[in-house]
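S.K.: Read off the chains here:
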Amino acid sequence: MVLKAFFPTCCASADSGLLVGRWVPEQSSAVVLAVVHFPFIPLQVKELLAQVHQAGRVGLAVLGTWCHRRQEAEESLGHFLEGLGTIFSHEPWLQLCREQGSKLWSCKATRRQVPPCPGAPYEDQVMLVFYDQRKVLLSQLHPPAALPDCLAGDAAPSAGGLAAVFDTVARSEALFRSDRFDDGPVRLSHWQSDGVEASILAELAKRASGPVCVLLACLLSLVSAASACRLFKLWPLSFVWSKLSVCEQLRHRLEQLTLVFSTQKAENPTQLMRKANVLVSVLLDVALGLALLSWLRGKDRIGPLAEALVPVADHVAEELQHLLQWLMGAPAGLKMNRALDQVLGRFFLYHLHLWISYIHLMSPFIERILWHVGLSACLGLTVALSILSDIIALLTFHIYCFYVYGARLYCLKICGLSSLWRLFRGKKWNVLRQRVDSCSYDLDQLFIGTLLFTILVFLLPTTALYYLVFTLLRLLVVAVQGLMHLLVDLINSLPLYSLGLRLCRPYRLAAGVKFRVLEHEAGRPLRLLMQINPLPYGRVVHTYRLPSCGCHPTHPWGSLCRKLFFGELIYPWRQRGDKQA
Amino acid sequence: MEDERSFSDICGGRLALQRRYYSPSCREFCLSCPRLSLRSLTAVTCTVWLAAYGLFTLCENSMILSAAIFITLLGLLGYLHFVKIDQETLLIIDSLGIQMTSSYASGKESTTFIEMGKVKDVVINEAIYMKVIYYLCILLKDPMEPHGISQVVPVFQVSTEQLSKVFSPKKICYLSPFSAFLLLLMFSRNVNSSCQDYLRTPDSYF
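Protein chains in written order, with my numbering: chain V, 3 to 583; chain Z, 49 to 254.
Since the hints were made in silico from the structure, they are not lab data.
Everything hinted at is true.
Quick list of in silico lysine-lysine cross-link-like pairs, DSBU-like style, CA-CA up to 35 angstroms: (1) LYS277(V) <-> LYS208(V); (2) LYS516(V) <-> LYS168(Z); (3) LYS132(Z) <-> LYS137(V); (4) LYS565(V) <-> LYS415(V); (5) LYS137(V) <-> LYS189(Z); (6) LYS516(V) <-> LYS137(V); (7) LYS105(V) <-> LYS166(Z); (8) LYS105(V) <-> LYS137(V); (9) LYS105(V) <-> LYS48(V); (10) LYS105(V) <-> LYS156(Z); (11) LYS235(V) <-> LYS277(V); (12) LYS137(V) <-> LYS166(Z); (13) LYS137(V) <-> LYS168(Z); (14) LYS516(V) <-> LYS189(Z); (15) LYS110(V) <-> LYS166(Z); (16) LYS132(Z) <-> LYS516(V); (17) LYS516(V) <-> LYS156(Z); (18) LYS110(V) <-> LYS168(Z); (19) LYS166(Z) <-> LYS277(V); (20) LYS166(Z) <-> LYS516(V); (21) LYS301(V) <-> LYS245(V); (22) LYS189(Z) <-> LYS179(Z); (23) LYS429(V) <-> LYS565(V); (24) LYS156(Z) <-> LYS277(V); (25) LYS166(Z) <-> LYS179(Z); (26) LYS110(V) <-> LYS189(Z); (27) LYS137(V) <-> LYS156(Z); (28) LYS168(Z) <-> LYS189(Z).
So, partial list: chain Z residues that the calculated Cβ filter (under 7 angstroms) puts toward chain V: (29) SER71; (30) SER73; (31) SER143; (32) THR159; (33) GLU163; (34) GLY165.
As the structure is a prediction and not an experimental result, all values here were calculated from the model.
Just so it is clear, CB atoms sit at the ideal spot from N, CA and C, and this is done for glycine as well.
Input sequences plus hints: build the corresponding full structure.
M.R.: And the structure:
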């Protein structure tokens, strides 16, 4: 196999010295991490490597020598470097050499021992692969290589292929702490030699995050303790809380904030990304909510909005009245059973009249309520949208009631019809055996049964029409609420921090690597540049998607149609409590 | 060392295959597809604008014309950025892996790198799609099952339809076994001397 030498680009202009890194025998590749400069004491170099081994559980060694020729004749340096091979024994011993200012490199890898297979040369063919050390250190491969959790110090983790390079660089952070400009015993050149990077804001944020987290964690625990109070578990309050989507959303946000401000450090990069995503999502939510609030208060829009609300509700009620009048007449040319029609129509009209009176009773308080609702937008746009969805649900409560009445009536009728149809054919439903059995009825039973069956059949169109109309209205309201929930879900689950990272620092999220062949001359070793291939946006969203509230419809279309046909009630939003039950 | 051969595909466009030999352990195959033809572009634009003008005469709304212009522009940009492949490159590096790059007409490059440890085998597949098409594909190992195959990755995805002329039965004994043989050579650990000679003088087979 060709010997691959992974060389950091930052060391290409470093002075001559020793190459320090990790040798991966399975892939015959040498990952160079740093260059040790003269003068050094071999014992101190070995001590440093042992320290790094203990800290990062990665076995480093001196891999060879690096020679950067500055003047024309530096043969003595060459001989000196060759002599170092006897002090630090490593198989194979790498010798990299470069002329200053030129792109000509030369590599040699020698083996002192007899090679295992006869006929193989003493010198291996070497291929140079340059990599950007800083980017490889900061990046994270997807999918993460499944490394065995090794607690023992000796066993080195074995990641397959190129993941080994990433893993080696990530574990050698202890090596990058000292630099050639420091006064330590050993002078190293690595990515920090180009200039140690630090940001005042990042450091301040790190120092401040500790106490801020503790404070916010205490506050959040107080809030959750208050919400778990026994008072709220009493019926009917618990019933009301479970039905309102705003409570669900607030609970979800509370959980997320508790996760973000917990004093435990993130165990792995995935958890850290999740925390960051949640924080950015909450901040964006609050920012949008504040924008909405300022827009509402800006031109004092709450007053006109409140004043417009009651006439809108009145208008909707009027339209419903017209609809009922139409149904009571001859809707779409269909001939209805006059008596049943009148009864149902009058019943629904009275219900509507009660509803309009209720709305008029509430109208003085609407502006106050809207003002407080607008204030709740401080907590986030998602909360405001949830409240809006709940208000729509409350305002269209009469439609929901009509739907329930129509559905129950229709369901009863369908049940009666199916049972009497069985009687008509001389069969009955055996509850014990859960199947249809034949049965011999008396004559008067048959007579009454058939009579009832006929009555129900002829009354079916009327009931079916009322059921159809109110179901369509209910589905319309459900669709509108569904759109709002979809928007809330989107804001909740979109991983904005990951998307921003992919946009601004694409090397942090790596799907793999890509190679580019550099200028090549015959007789010289092959030089490749290894770059990081960033993760596509679709995969970023898929991998880092946040868990949503869980309030979305879960009915497959087939069962929905079946329920609609048989008149069973549809509950479009399965609340979290129902799911766990 | 560079080598270029040109072919023509079914529609008459020019296909060029470039082979670069960097070192004994690194080769590159570069296939250039025919460019976007002015004729097809003009035809599509004229159709869309005529349809928009027809709608405009019906509806008397000038927004339709602006919308047609936007649609044409966005459609062209989208086509150039996501669909039209200009060049496909296959880079084979011994004991590292195989890299496939597609460069689109808008300059976007999408790269896939498959590590040598994941590759199980390289095969030539035959597909019957109105005519017989031969294409090269790479079989990947399944981490769960040692003898199973997890994925089949075709090489030169877009160009294969056009390469049916290239991989015609007359020429297949000259071209595709050579590329497959070359790839197979990269995988084999024991390279004996006759194969080494073959690699040094590939031109003898043309």
